[in-house]
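Residue numbers (the working numbering), protein chains in the order written: chain A, 474 to 770; chain B, 14 to 329.
Rather than coming from a laboratory, the hints here were simulated on the basis of the structure.
Heads up, some of the hints might be wrong.
To be verified - Once the Cα atoms are required to be at most 27 Å apart in a straight line, the calculated DSSO-like pairs of lysine-lysine come out as: (1) Lys598/A to Lys527/A; (2) Lys527/A to Lys154/B; (3) Lys150/B to Lys527/A; (4) Lys527/A to Lys152/B; (5) Lys598/A to Lys154/B; (6) Lys150/B to Lys204/B.
Stated by the list, open to error - Computed beta-carbon distance windows for the label pairs: (7) Trp717/A to Thr77/B: 38 to 44 Å; (8) Ala633/A to Gln106/B: 38 to 44 Å; (9) Ala528/A to His194/B: 32 to 38 Å; (10) Asp38/B to Ala547/A: 56 to 62 Å; (11) Thr742/A to Thr77/B: 43 to 49 Å; (12) Pro709/A to Lys154/B: 53 to 59 Å; (13) Gln106/B to Gln492/A: 27 to 33 Å; (14) Lys152/B to Gln489/A: 22 to 28 Å; (15) Gly87/B to Trp717/A: 54 to 60 Å; (16) Thr77/B to Gln489/A: 37 to 43 Å; (17) Val488/A to Ser80/B: 40 to 46 Å; (18) Ser80/B to Gln489/A: 43 to 49 Å.
This one's a predicted model, so the numbers in the text were calculated from it and none came from an experiment.
Glycine included, each C-beta is placed from N, C-alpha and C at the ideal position.
The lines below spell out each chain.
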Amino acid sequence: MTDSSLTDPVVADSVQDLQRLAASGRVPAPEVMAARARRWGWWYYVEYWLRTAKAWFQSILIYMVGEPLLYLIALGVGLGTLVDNGVGTVDGVPYLVFVAPALLISTVVMSTGGELTYPVMAGFKWDRLYYGPHATPVTPAQIATGHFLGVMIRFTVQAAIFWAIMVAFDAVPRGVLVSALVIPIGVLSAAAFGALLQAYASTLQDEGYQFAFVQRFVIMPMFLFAGTFFPLTAMPVYLHWIGWISPVWHGTQLARQVTYGAVEPMWLTVVHVIFLVALTVAGVLLARRSYTRRMGS
Amino acid sequence: MPPVTAAGPGEPIVVAEDLTKVYGDNRAVDGISFSISQGESFGLLGPNGAGKSTTMRMIGGTLTRTSGTMRVAGLDPAERGPEVRAHLGVVPQQDNLDEELTVRDNLIVYGRYFGLPHSYLRTKADELIEFAQLTEKAKAKTTALSGGMKRRLTIARALVNEPKLLLLDEPTTGLDPQARHVLWDRLFRLKEVGVTLVVTTHFMDEAEQLCDRLIVIDHGRIMAEGSPRSLIREHSTREVVEVRFGAQRNAAVVDQLEDVATRLEVLPDRILVYTDDGEGALEEITARGLNPITSLVRRSSLEDVFLRLTGRTLVD
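Starting from the given sequences, assemble the full structure and let the hints guide the process.
Spelled out as structure tokens, the structure:
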């Protein structure tokens with residue numbers, strides 16, 4: 474290179490460079506920046522979230538592939554062989570086909586326990602990451618929504634990988650196309666629980682030891698007793714409420730319809746969808762309000 | 014060059030009247046009024062907990078005020094928060110950079126929050142990295158930076174939207190002397206090209222270095238206002254003699270010093286003798302056979318102003 478302007482760094486200390494730094498004329502008017510942020514602030518936070526996700530995507534990918542494999546082999550194939558030899562079928566299908574959609578829903582919902590708990594504490598408290606965008610035209614409510622949607626993108630990938638593995642295990646009798654609906658159903662189920670969890674996490678002032686409690690006494694029971702391994706009707710009636718209040722059960726019942734054609738009355742299907750959507754909307758609204766209050770006081 | 018803002022130099026860009034913030038029983042900010050002009054470097058000097066950061070957050074509208082009025086570039090931050098913050102660059106007291114992202118990505122991500130396009134941010138990030146003297150660290154994760162480097166990156170980040178007004182909350186707290194001077198130099202240069210600086214600090218030397226004009230705040234109220242020089246002239250003498258007689262003798266000696274000084278301050282470890290002629294006063298003290306263990310003649314500083322106004326030192 475002979476042209477020194479290409480090899481030498483620009484010296485920012487000349488007055489001209491400093492003036493360009495302070496006012497290049499390339500920045501839109503503040504009103505324009507504010508208008509863009511009012512419209513797209515939530516998306517800017519999603520963009521940020523995705524950029525940070527790149528750093529850990531490889532390790533999370535191994536987890537997103539490994540977890541379905543382990544569950545489907547252990548419970549679907551291993552336990553499934555035992556069940557199929559013993560009672561024949563469950564809900565009219567082999568045990569693998571019965572349990573696979575439930576495992577998809579459960580594992581995606583359980584992932585909220587990692588994504589919408591400690592990272593929320595990091596945002597408010599440990600690394601104060603939320604307070605960076607808070608000083609910009611982006612609002613706390615948009616930060617809440619952006620964080621939530623970033624995590625939902627991750628869950629979409631996670632559910633899609635699980636579904637692909639189900640297809641590979643031949644666990645989708647209704648066909649590849651229809652069964653792909655488990656992906657949005659899985660994300661909706663995680664959204665229903667995750668939004669509320671995010672709202673709750675945003676109210677915590679201390680070190681977040683409550684999350685271990687949530688993990689053990691809320692998430693695990695949903696996994697074990699919400700119709701995952703056996704139909705809800707196989708449990709005593711006085712335990713059915715665990716299923717009814719659990720996004721995992723509602724999501725699982727929907728997922729079973731699209732993967733193997735489980736039969737349910739129409740009204741119940743509608744209830745599942747309304748329940749999950751209502752929980753999601755309520756959770757997001759609560760989180761937005763909580764973020765706004767906490768960051769503005 | 015185009016002007017930095019529509020408002021000309023000297024016109025007020027921030028106007029606060031009777032600004033108040035109450036938390037429960039605590040009046041963190043208790044009815045303060047001030048006005049900051051375009052192009053000015055304005056300081057809020059006071060001890061920790063005086064209400065400086067609270068005031069700063071109300072300028073950006075990230076904290077709701079209890080009462081009073083606030084106008085930033087003619088807008089009320091409580092109602093037009095995003096519009097006001099689009100005018101601002103904010104350097105918070107605690108760094109909140111994403112340590113997992115690179116230096117460059119921290120700048121780009123932040124610029125996106127202002128709706129700035131990638132085409133602009135690609136070149137802007139390079140200019141800002143240059144300004145922050147972080148060229149060699151551009152691709153490094155932020156976690157690898159020293160404290161001074163992180164502060165410079167935070168300042169560079171605050172400039173991504175080419176703000177009229179830069180708010181700096183305790184910009185050099187926790188930095189070593191050399192890092193502080195590098196940072197002050199960066200801020201001087203911004204001031205030279207017309208960026209308005211608002212600085213909170215509990216360091217008198219920082220206030221003297223950086224601020225054209227400042228308010229001294231204590232317990233949420235303004236104790237004094239003016240340029241560093243005028244505040245010293247108004248509230249202190251030209252010089253100060255610091256004498257130490259040892260903790261036991263300090264109290265006993267005070268009576269014999271009264272007529273030497275315009276004013277005396279007795280601190281636990283030393284006595285401050287305020288006078289316009291420091292050397293003369295010290296000679297007189299020695300002539301009286303008082304024999305201080307150590308003595309020092311210096312010019313009055315904002316520390317003395319603060320001590321006079323509040324009866325306390327800035328940094329305890």
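For this session: List, from low to high, the hint numbers that the structure doesn't satisfy.
Result: none
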